[in-house]
Amino acid sequence: MPPVGTNSAEPERLPMPAPKTTVEFNDKVVRQFLLASVIWGAVGMLVGVLIAAQLNFWQLNFSTPWLTWSHLRPLHTNAVIFALVGNSMFAGIYYSTQRLVKARLASDFLSQLHFWGWQAIIVSAALTLPFGLTRGQEYGELIWPVNIAVVLIWVVFSVNFFWTLARRREPSLYVAIWFYIATIVTVAMLYIVNHLSIPTSWTHSYSVFGGVQNALVQWWYGHNAVAFFLTTPILGIMYYFLPKAAGRPVYSYRLSVVHFWSLVFVYIWAGPHHLLNTSLPVWLQDLGMTFSLMLWAPSWGGMLNGLLTLRGAWDKLRTDPVLKFFAAAVTFYGMSTFEGPLLAIKSVNALAHYTDWIIAHVHGGTLGWNGFMAAGMTYWLIPRLWNKPLHSVPLANLHFWIGLVGILLYVGAMWTSGITQGLMLNATTEHGTVLTYPNFLDTVNVIRPMMLMRVIGGALYLAGWFLMAYNLWMSVRGAEPVNGTIEVYDEEPAHGDPGRLSVAGWVLNAPVLFSVLGVGFACAWMFGGHIVSVAGLVGTMFCAVVAYTHFEARRKNWGDWYDRLIVSAVPFTVLTFVAVVAGGLIQIIPTVVIHRAANVEDRRQIPYTPLELAGRDLYVREGCYLCHSQMIRTLVPDVLRYGDYSRLGESIYDHPFQWGSKRNGPDLARVGGKYPNVWHLRHLENPRSISSGSNMPNFQWLLTNPLDVGTLPRKIAVQRQLGVPYPLWTDAEISSGVEAQEREIARDLRDAGAYVAPDREVIALIAYLQQLGHFEKVTPSGHAPTLAD
Amino acid sequence: MNPNTPPPPIEDPLRPHVYDGIREFDKRLPNWWLFTFYATIVFWVGYWAYYQWLHVGPGNHQRIERQMAAIEAEKLAATASTKLDNASLWQMSRNPVFVEAGRATFNSICATCHKESLRGSVDGGIGANLRTQEWIHGGNPLDLYNTATNGVLVKGMPAWGPVLGQKRIIEAVAYVLSYHHEGEPMTLRPATAGK
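Which chain is which? The protein sequence lines are U and C, in order. Sequential numbering of the first sequence, starting at 1, is according to this note's numbering. Sequential numbering of the second sequence, starting at 1, is according to this note's numbering.
If we strip away everything but chain U, and leave its shape as in the complex, we get:
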């Protein structure tokens, strides 16, 4: 606030007090989002407990498509991310932003549109995912009409948020708002790019990216969905609610500044750590690994600012459930963000990837950090949003302890299980020449007790959540909703405020220039040729030294500049966007624009026949990719178990890619031709008739459902558009090709004593599976013939 001007020429005249008005906050939408997060959270976690139980008892799949594990798993992940954390985040952002900027949300209409639109998206997810309507990419499963709805509602949210900022009465933006801004711009960018698709029908589309490009974009999105949907908004919420609940000042403002900028810049680069030791080009893997390690300290900056803010308030933890939840949540955040870089080290990843260790890591973050932050915030908000104290504090404390024990059981079980299975899968014998446990199921059966422990842990956590729902209901029932208010002076908005930055002011200044130059030189070093590279390295070091010296000498200038930046929402948003966009551009553009021929190594995939393509869409529909990878890593145990390591060209025409991220069952990249057709038939009908002890669900409906061939011409046309070298087939040619291949497989099955009508879905899926791993050799210069030739 500028001090009131004292003019000695007019000593008698007192400053006119500006008229005061009362602003009532829009807390209705906060209440709505809060209730929705508790309800959807219960649903999402209930599905989680069910699918965990299905891994133990295959009978719980009930031989029903929409109750089958692979159909419900996307529902669980999407519900927890977008419904639980999403709704909770919106509640927290709307509550805190209005108070931090001293303004009511800009539009009641947009607020309601945001709320109801988001709930409609969640409902449509619940009505599509279990029925196999999916895009087949993790956390990007929702079908394209829902994608458009998500983008539109996100735009509504952004407009509502930035419009509120534009009308703020508090010029300076608090650190929580920085994190909200980063969330909004980055999620929009990630979501739109990763969901670019061409529809083939109202419910089906193919990603415009295929193979390695799709893998890279997907994990740029998947990793940063964790970063900018599950982390940055929750950090913002932490920065508001934790000091409020503790009644203590935030530990360090400069730590906020440093960890915010380093976090948003570094996070984006780390996506390829989901693809370590795969056929992803190694330079991307090395970027993913090293940037993940550099992410450790920025992440811990958030943890430190959270935990150290509690200094002087630790005694309150004994009695206050809100602080208990917050302190535990921040601790879990610290644990997960240490574990993440650890898992991103290539050699650790060789053991942990595809195993339950990753599941432990994810749930430490979601149950511990997201779930407990949501719970703490809910308990803190209840008495403030409804005119009534919390129904029962002991019940909230009980929730905390049940939830904590639940997380520890869950995470402990998954660590044990992941490391055990990883070690068994990697174990070799006879001087390292053969696998010790060649049967994948041997490694599954050993971890069964841990799978059961996971169900118990998850159920305990869910029980705690139900306690909160009950507590909320008892507190709110009959209570009167109250909306917060604030007294404000009706001042003229200070136009041309000298504190604000001009365009030149926010571009031409030491922090921005040194950052841009430093990153530019570093990129020249990493990607330049010989001389450029050396110049880049020298430039980077020079830049670092000069920046450090300048900072030490002109510390106050840097600080003053930043104080002015945070009163300027637009420049702040633009700079944040520049910081997050850099990593994505540098990784994705080369991979996408480079001609595909350069990305195939020595092999090229043979395009699927129409029947195989139909089978592949069934593979995606049934969610096979959720348990089976199609990526043999450049690791000895993988090669010994599954065959020669996968090359880039072998999935170049796959829209979407199906490399997978978890092996509840074995890899399928080279399963084609390994077993007879009848093996697959029996195995899909009832896996235990072939593999005794398997926990895979039955997919017996594939044997009776007729195959939908009517959509194939459109699908093939879209594949052609995407660059898959299909000839210009007529519809009749497509259907006759399908029928011929169907008859051939059905005849082979009949010879083996199995009778299936040729036009059933299972025939197409078998055709696809038997084709996996087939490729043509490519000589570096030569052009291999396409199907059209």
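Calculated from the structure, these hints are not laboratory results. Just so it is clear, the structure is predicted and the values come from calculations on it, not from any experiment. Incorrect hints may appear among the rest.
Once the Cα atoms are required to be at most 25 Å apart in a straight line, the calculated BS3-like pairs of lysine-lysine come out as [as the list claims (entries may be wrong)]: (1) U:K244 to U:K346; (2) U:K674 to U:K556; (3) U:K102 to U:K28; (4) U:K102 to U:K316; (5) U:K674 to C:K167; (6) U:K244 to U:K316; (7) C:K75 to U:K674; (8) U:K316 to U:K388; (9) C:K83 to C:K27; (10) C:K167 to C:K75; (11) U:K28 to U:K244; (12) U:K20 to U:K102; (13) U:K674 to U:K662; (14) U:K316 to C:K27; (15) U:K674 to C:K155; (16) C:K27 to U:K556; (17) U:K244 to C:K27; (18) U:K28 to U:K388.
Covered by chain C, per the in silico footprint, the following chain U stretches (three or more residues, Cβ under 8 Å) [to be verified]: (19) 300-312; (20) 425-439; (21) 639-652; (22) 663-677.
Derived coverage of chain U by chain C (criterion: at least 3 residues anywhere in the stretch with Cβ under 8 Å from a Cβ of chain C; other residues may be distant) [what the hints assert, rightly or not]: (23) 73-79; (24) 251-263; (25) 272-286; (26) 521-535; (27) 686-699.
Idealized CB from N, CA, C, for every residue including glycine.
Starting from the known structure of chain U, arrange chain C on it as the hints suggest.
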């Protein structure tokens, strides 16, 4: 904390700005935190230089090719030192150590198609019946060994040699042979027509 630093003031200065009642200290960044950050940056430079800039370290493909070649050499050496013939396999089939080890491998791997009874298609399995004296791909111990090692891909019998290794293949063959006798009559049944 460093014992040489004087004790901090009772309450550190706060930043002037207050946001909805929230105030902020402006504490120094903890040294250990800063050095962790710097150390990871230095690691990035070193790692990138080692693998991507100077190309000293091997790439993923070079590494796996080298490792697989070493394994291949190991296997060749082992095969050369083993003298495998019909007589020695019959001998093993009478040795309980081999037969028990073979039973475990058979029940874990082979029984999915050949069934634990070894009767395969007779008991509803996919694989051939291994209890009869009629053989499709030869019933001599070395024939069985070769079939198990190299597979009969067109008939859906995978090549198990690379997966199980020679030792376990020999044990499994010994186990199958334990249901047969040296010198028993043996007929060769041709594969089903059309296959």
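Please count how many residues of the stretch 251-263 of chain U have a CB within 8 Å of a CB from chain C and say whether that reaches 3.
-> Coverage by chain C holds for the stretch 251-263 of chain U (8 residues, Cβ < 8 Å).
8 Å C-beta criterion, at least three residues: is the stretch 639-652 of chain U covered by chain C = holds (count 4)
Three or more residues of the stretch 425-439 of chain U near chain C by CB distance under 8 Å?
-> The restraint on the stretch 425-439 of chain U holds, since 9 of its residues have a Cβ under 8 Å from chain C and three suffice.
Would you check the hint for K244 of chain U and K316 of chain U, treating anything up to 25 Å between C-alpha atoms as holding?
-> Since the Cα atoms of K244 of chain U and K316 of chain U sit roughly 13 Å apart, the hinted pair holds (cutoff 25 Å).
Does the alpha-carbon distance linking K20 of chain U and K102 of chain U stay inside the 25 Å limit?
-> holds (13 Å)
Hinted pair K28 of chain U and K244 of chain U, Cα distance within 25 Å = Since the Cα atoms of K28 of chain U and K244 of chain U sit roughly 21 Å apart, the hinted pair holds (cutoff 25 Å).
Taking only the CA atoms, is the gap from K102 of chain U to K316 of chain U under or equal to 25 Å?
-> Judged against 25 Å, a Cα distance of about 29 Å means the pair is violated.
Verify the proposed pairing of K28 of chain U with K388 of chain U, using a straight-line Cα cut of 25 Å.
-> holds (16 Å)
Hint consistency between K674 of chain U and K167 of chain C [alpha-carbon to alpha-carbon, up to 25 Å] = Holds, at roughly 22 Å.
Below or equal to 25 Å on CA atoms is what counts here, so check K674 of chain U against K662 of chain U.
-> Roughly 22 Å between the alpha carbons, so the hint for K674 of chain U and K662 of chain U holds.
Taken at face value, is the distance from the CA of K556 of chain U to the CA of K674 of chain U at most 25 Å?
-> Answer violated: K674 of chain U to K556 of chain U is near 69 Å, above 25 Å.
Taking 8 Å as the C-beta cutoff, is the stated coverage of the stretch 300-312 of chain U by chain C satisfied by three or more residues?
-> With 4 residues in contact (Cβ-Cβ under 8 Å with chain C), the coverage given for the stretch 300-312 of chain U holds.
The structure shown violates the earlier hints numbered 1, 2, 4, 9, 23.
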